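Colleague: Below are the chains, spelled out letter by letter.
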Amino acid sequence: MRAALRLRLRVIAALIMVVAFLLIARLYFVQIVDGEEYSLRAERQYVSASRTIYDRGSIYFTRKDGTQLSGAALGTGFLVAIDPSKLKNADQVYETLTTHFELEEEEFRTAAAKTNDPYEVLARRVSEETGRAISDLDIPGVIIERERWRIYPAEDRAAQTVGFVAYDNDNDLAGRFGLERYYDDVLSRSNTGLFGNFFAELFANLDDAVGNANHARSGNLVTAIEPVVLEKLDQVLSNVHAKYGSAETGGIIMNPKTGEIIALQTVPSFDPNVFAKEDSEYFGNPVVERRYEFGSIVKPLTMASGIDAGVITANTTYNDTGTITLNSKTISNFDGKARGVVPMQEILSQSLNTGVSFIAGKLGHERFRDYFEKLGMGAETGIDLPSEIPGTIDNILKSPRDVEYATASFGQGIAQTPVEMIKALGALANDGKVVTPHIVRSIRLESGITKDLSWGSPEEVYDAESVEEVTRMLVNVVDHSLAGGTVAIPEMSVAAKTGTAQISAPSGGYYDDRYFHSFFGYFPAYEPKFIILLYTREPRGVRYASETLTHPFMELTNFLISYYAIPPDRVEYAEPEE
Amino acid sequence: MSSRAIPVLGCSCLVAIALYLLGVAATVFFATWQTGLARSIQEMEGSVISLETEYYESVERYSSIDPVARGFTSPRSVEYVSSTGVSSLSRADQ
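Quick mapping for you: the protein sequence lines, in order, are chains B and P.
So for the first sequence, the working numbering puts the first residue at 838; every next one is plus one.
So for the second sequence, the working numbering puts the first residue at 5; every next one is plus one.
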């Protein structure tokens, strides 16, 4: 028995030694004989793997029916490379490859001549069909590898808002602009291999799954941007921009009750799919990164402040002299003409600078300043976009002069970002409350849970009654004054106001021939679904915003009414037929 | 060591080896399965992106159509009726 056991042990020991010897021999060949080749292969696998398995969360737009559409996602395809030392007939390989994709002959020859380099990339982002077709040919020396990359299907629409991912100087790939940057921690993923060991990964990542906070909060962004509305806004803005040769044209469409931005766009824009070929001047987002003096669209806010404070009513009158002098500075109406004794309605209908100066005077410095600060002027809005700057209302914060308050009352001498402006104007469309404008509605976590984002409670600035009074005035502006009342919609109440502002010169004062046109409006006026802000900077050959932006605004309004089937609020409803 | 311990140890070794081989097979199976799923998801996502790109192009095309140039005109009169809730289910005798 003992002899038999000893024999068995010897046999097992011999087997172990043989296996060990084979392993050592194999190791010798792998590390010493073919070490260089394997080292290169390993490096190549590492390089290709880092691209092939690129992973990142998606950014979705939301259509009106609630379905989601990618604004940023990952494209899938192939990378084609060659190992020049293994090419048998370079000419034939070139001819074969050019039947599948475009390839410069000189580029191929240069790559094929590098026989010491086992990995020369010929093409990236090759389509699925082409990649599979080449792979099926099984050409010696031709390498086909799977590849994923960031893709922006909406191209130049909302490009500044979506942003893009790019490498920085440290070769880190991350979001650089827009939502890609603001929510980089949510969208970024740790690189996990496509070809993995199930159990090894399970145990290796168990700790992450349980304790890694970043892993727990990574997901996909669901925005409120509606792709069809975005397309319409882009077309309208592009037409304005081209027609008047403006320096910049932009627009925001927002739900005034929630602060959700349905569409926003600026022209010129860029295609983030090929950002390297685009002008980097347009990468930033002007709606949060630039401030402008908006001019007369501020007047309804001054009016609301006056009514809310009780210093005026809709029936109050004042004597319009055409010009007034404050602190040795003269303030004039746009045409310099006097109107005599007029009611408050005329201040908005005829956009009278002297009229809002009268209201500012009635309000006094402190109350005027308080209202504008409560509207969020001079502060960041908190929108979920990077690099937001605050507007400036230093003129009314620091100067004790009446003239600064008078000019601020009609939107000059103070400057806001477009988002800051729509936030403030949104109070008129939301019963006097301001909300936080935002792009992202929710985050769809990798776990499958959807986390709705909270954007704070609306903050009351005005009484609902005060705002309703101003709304009535603005509806009157559209029905009777705007384009002579020709653009009014008989079935729908629309509240709106134009703004034409002078542009300040760097040397001080204002340019004589450069203007900033703006336009805002909301509808249905007494139960608003949308508020729209449009602007165009330095349009050529035209003086007033009523000429440049009235029809674009009405085109958008009519489109939104039809697209969302918003019921008319100024018609008698017939009884439905049985 | 008792004479009974040797067959028990032998059997235990065999069972351990069998379990090990089973583990290896399961690992390979699940790794293959996981890889296949990951690849098919990625391919599907790529296809969806292509469709979405086509959708954006269609929206752009249709939005740029001028209905007036196509001969459409505004209706001469419009009558509005209040909508009534219609049940999706109804009894046959109603």
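Simulated from the structure, these hints should not be mistaken for laboratory data.
From a predicted model like this one, the values you see are computed outputs, not experimental measurements.
Where a beta carbon is used, it is the ideal one built from N, C-alpha and C, also for glycine.
Treat the hints loosely; a few may be bogus.
A few chain P residues that don't get close to chain B, going by computed Cβ distances all over 10 angstroms [to be verified]:
| # | residue |
| --- | --- |
| 1 | 10 |
| 2 | 12 |
| 3 | 15 |
| 4 | 60 |
| 5 | 72 |
| 6 | 74 |
| 7 | 82 |
Covered, in the sense of this in silico footprint (three residues per stretch, anywhere, with C-beta under 8 angstroms from a C-beta of chain B), are these stretches of chain P [stated by the list, open to error]:
| # | region |
| --- | --- |
| 8 | 17-26 |
| 9 | 53-59 |
Colleague: Determine for every hint whether it applies to the structure shown.
Modeller: Tested hints:
At the 10 angstroms boundary, the C-beta of residue 10/P falls inside the reach of chain B, the nearest C-beta of that chain being 7 angstroms off. Chain B leaves residue 12/P outside its interface by the beta-carbon criterion, the shortest separation being 14 angstroms against a cut-off of 10 angstroms. Residue 15/P, annotated as away from the interface, keeps every beta carbon of chain B farther than 10 angstroms; the closest lies near 14 angstroms. For residue 60/P, the condition that its CB be more than 10 angstroms from all CB atoms of chain B is violated, with the nearest at approximately 5 angstroms.
Non-interface call for residue 72/P relative to chain B: holds, since the shortest CB-CB distance, roughly 12 angstroms, exceeds 10 angstroms. No beta-carbon of chain B is positioned within 10 angstroms of the beta-carbon of residue 74/P; the least distance is around 16 angstroms. Distance to chain B contradicts residue 82/P as a non-interface residue, since its nearest Cβ pair spans about 8 angstroms, not more than 10 angstroms. Proximity of the region 17-26 of chain P to chain B, defined as three or more residues with a beta carbon under 8 angstroms from a beta carbon of that chain, is not established by the 0 residues found.
Counting residues of the region 53-59 of chain P whose CB lies closer than 8 angstroms to any CB of chain B gives 4, so the stated coverage by that chain holds, three being the minimum.
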